[in-house]
Amino acid sequence: DTEVTQTPKHLVMGMTNKKSLKCEQHMGHRAMYWYKQKAKKPPELMFVYSYEKLSINESVPSRFSPECPNSSLLNLHLHALQPEDSALYLCASSPAAGGNQPQHFGDGTRLSIL
Amino acid sequence: AQSVSQHNHHVILSEAASLELGCNYSYGGTVNLFWYVQYPGQHLQLLLKYFSGDPLVKGIKGFEAEFIKSKFSFNLRKPSVQWSDTAEYFCAVNPYNTDKLIFGTGTRLQVFP
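Quick note, the sequences are listed as chains A and B, same order. Numbering (our numbering) for the first sequence: 62 to 175. Numbering (our numbering) for the second sequence: 863 to 975.
Rather than coming from a laboratory, the hints here were simulated on the basis of the structure. Treat the hints with caution; some may be incorrect.
[Said to hold, decoys possible] Simulated pairs of lysine-lysine, BS3-like, Cα-Cα distance not exceeding 27 Å:
1) Lys102(A) / Lys923(B)
2) Lys80(A) / Lys101(A)
3) Lys83(A) / Lys962(B)
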């Protein structure tokens with residue numbers, strides 16, 4: 062079992078809906094990440110939070126809005142998504158910022174946009 | 863731009879066969895290197911990592927990888943595969959002192975009994 066918990070596991074939403082993905086870790090890690098993984102493709106980095114501050118935004122459209130309320134929790138707020146946003150969204154964490162540490166991944170949320 | 867190449871997209875082996883999966887990266891600076899595995903329906907798991915020191919690193923489940931700096935390569939090996947090794951394998955590169963982890967395109971390994 063992974064130590065990074067993502068909820069929900071599956072989400073189906075319409076293009077006008079607003080929903081949120083949640084990620085939680087209790088390993089004391091101070092860096093947290095969101096990735097997007099399309100079928101048969103590698104994970105692509107979206108956002109990085111380091112010590113609860115956004116440190117990297119890989120030019121992600123504003124319809125994706127990350128939030129890190131505390132060091133254990135990472136959210137991804139979704140609004141007005143497009144069908145091409147359907148994918149597996151992975152959360153990861155690592156002990157410290159600045160790289161140089163392996164990342165621990167959650168099971169992901171499989172998102173389908175109707 | 864930084865990139866990671868995995869030339870073997872799909873590998874099919876019989877049990878007990880030897881495995882070598884290629885990984886090459888393009889980045890001129892210092893890097894940390896990883897191999898992750900994704901078993902069917904499961905999350906990405908770390909197989910092994912290289913940060914510095916001995917370029918031959920050993921990981922879990924009998925896997926090892928060799929970092930060859932002059933070739934910008936970090937190939938994964940296992941002397942004798944098992945059916946349970948069937949999975950997707952990703953090489954990943956972390957440019958030193960950055961938070962970025964760049965994944966290769968992945969190699970799907972199928973092992974038949």
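Status of the hints after comparison with the structure:
no. : hint                  : result
1   : Lys102(A) / Lys923(B) : holds, 24 Å
2   : Lys80(A) / Lys101(A)  : holds, 25 Å
3   : Lys83(A) / Lys962(B)  : holds, 21 Å
Hint check: no violations occur; every hint is consistent with the structure.
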